[in-house]
Amino acid sequence: MSWRPTHTQSVLALIAVAVVFPFFGSAATVTVMALGGLYAIVAIGLNLLVGYAGKISFGHNAFMALGAYVSGILTVTYGWPPLAAMLVAVVGTGLVAFLIGAPILRVRGHYLAMITLAFAQIIIIVSTRWTEVTGGLTGIPGVPDLSIFGFAFDTKLRMYYLIWFVAIVLFLLSFRIVDSRFGRALRALGAHEAAAASLGVDVVRCRIQIFVLSAVYAALAGCLYAHFLNYVNGTFFDLSVMIQLMAILVVGGIGTMWGPLVGAVLLVWVSQNLGGYAEYSQLIFGILYGGALLFLPKGVVGEITARLNGARKAPAGQAEPVPSQSA
Amino acid sequence: MTSSQLIDVQGLTKKFGGVTALDKVDFAVQPGQIAGLIGPNGAGKSTFFNVLTGVLPGNGGEIHFDGKRLDGVQPHDRVRLGMVRTFQKIHPFYGMTVLESVMVGCHTRGSAGILPAMLRLPAVKAEEQRFREAAKASLAFVGLGAQADVLADALPLGHQRLLQIACGLVTEPRVMLLDEPASGLDANETARLADLLLAIREQGKTLVLVEHDMSLVMKICDQITVLSFGRRLANGSPDEVRRNPKVIEAYLGSGEHRA
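These protein sequence lines are chains A and B, in that order.
Quick note, the first sequence lines up with residues 1 to 327 if you use our numbering.
Quick note, the second sequence lines up with residues 1 to 259 if you use our numbering.
What the hints contain is simulated information worked out from the structure, not anything from laboratory work.
Each hint can be trusted.
SDA-like mimics (lysine to any residue), calculated; alpha carbons at most 25 Å apart, straight line:
id	chain 1	residue 1	chain 2	residue 2
1	B	Lys89	A	His192
2	B	Lys125	A	Gln209
3	A	Lys298	B	His91
4	B	Lys125	A	Ile168
5	A	Lys298	B	Leu151
6	B	Lys15	B	Leu56
7	A	Lys298	B	Ile90
8	A	Lys298	B	Tyr94
Only chain B is shown next, with the shape it has when bound in the complex:
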């Protein structure tokens, strides 16, 4: 294992009963890069993502984050380590404003409990002010500054995706894991998302995205891993992956070859 990798996954295996959804998958990301994970439907992308983020337990293999074993670390504790994820399916916090939703992401940056909140101690007020400013900055960064006081569930889908990213960014992550961030977006919105993701990388953050939108992946990823039937089929730069005959056969050109 090389120490230069921020995320290092070795031999990750996941079985559902008799079905092997992931078969000894290796995956590594260097700091400051955008890594893409692609593959045909049922290739195991979502399973890989869920095991990587701790939602599902794995059946074998190791996940290292910055040299530390991640297996068994609770999802909420991973945020403190500097790893945050978004969901493909949008889960707005009903009844909360956009600003409040982002402030949920400040949770690990503070410590105020119930009693200090009831007494509204000066330290709590100061913490709230810090949260509010961090949340506003994060919203402005993704372009939702003007929607701060709107109810989160009233936002259109494209804005919901940006809100998720703002929530994730405010946790001050070192790596963001994005599950299909472009799903449901139109071409304009996808283009703006690409710019946003590149701007996030500019800040020195690392990104991993599972994505169906091939042009987005090819455009912004430094490195792409292709999964097929639970195995790693290929790994490399967008150009290498694009030219890989196995990838073309299994994924891009499968329709024509089988016809």
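Bound conformation, chain A alone:
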């Protein structure tokens, strides 16, 4: 295989597919893929945390819930404009993530996974029981449509385009993050903490920053979720969502740039096409998750990249010539 798409070609193809898809898909599949876009937004942030910084969170479903509930409560109960509510939801969730992450990310080990799991369970229980504020099991109906500068995102199709616009922007920004001073520090500490620290990287600070950023992405997806369905309910964000997010990362390819997008589209598509097997969705995700770990440890994207790279492996040392400045 000698031809390989360039980055620009791949991105243009992605945009083209996202734009054209609704013309061919039914209304139902557009709704499903809008959901895929929401999962992609969360997965892009989570991938930076898990795939690049090497830390695991089981609480990103709760950050989604926080975003959705703050948006829902502020717009429905207090009549705030959606954008202002969204800003408060996203910044507030970032603050919560900072308060959780700052003490926990100082210590080594998998404490973050345990603490975020506990935090997420608390958030989900509170959201379904604190009836006066969250509407309890009924949730919050009547979340208004999002409108930006007078343009109302009042159909599922318009929301589909908004969601995928956000997802693709965040996707493109993640390339910039990874290829920056911060991103190199992140990748270095993910590979070896002490070696990164020995070169001046403040490991704890970097980890906290990426944890907060990934929580902010999740909150943003939660806000969009609330406006997309015009409804918030705690069961939208239970532990199964977190399991699905992890499955998205593993199937798509942890630590690859395209993995979260590919994984999100694949798994959301699968989950919506289970038909009569919907009640086995947890089992099916478990099989996909385990199967990917066993047979595609690099995920779909990692595997494809490895094949493409293997096919055109350049001998070492044939890299770009560098002007020799021998001292």
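Given chain A's structure and the hints, the job is docking chain B onto it.
Chain B in isolation, oriented as in the chain A frame:
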């Protein structure tokens, strides 16, 4: 304490439970010198190195760097002070190219955070360009200029050692602490390493190396400290150390004497 010392360690003690790994060790390096730390296996070299670089806390004594107390300063903050270390065990940054790995060493020379990076502000672009040039210069200096775009973990061991030095140099250190830089190298590679270390000293930098390769230490060090069973056994020029009977007994000739 004399102010002419760049690194001044006094009475450094480290205990692991009941075992005293370091017993009131003194150690000093003058600026612009290459200091060697040698000793038989288990002498406490690695422990000394780890306490000196802040990886392990000490149980007593003082470490001064350029007149400032170093104890309690985080390893990553020491880089800003002008102290950088390498590891005996190679830890390549998987998935990163050689050039990117060296650019990690530029971390303390810049300040761009996540948001400026996402917006790719002009200041960020300029900083990235500075990093890239500094990293390329550092790679060219150690002789890895042609490998800039190779994945770091694909390099052979000898090149990995040079890469570590390039990463360290790009932090613009005043002192480099090298943990067994010749370990795993063949004679040719060791000879080239010796030339490189001497060239680094020529730039006015100070070097401290913990090393097993006796000929390398004797060849390039201005001053050698010998540790044995956690104590400082001897200290002086290579010639003085070589002729010191205690050193010969404890280290160089122990096999024959005990036989």
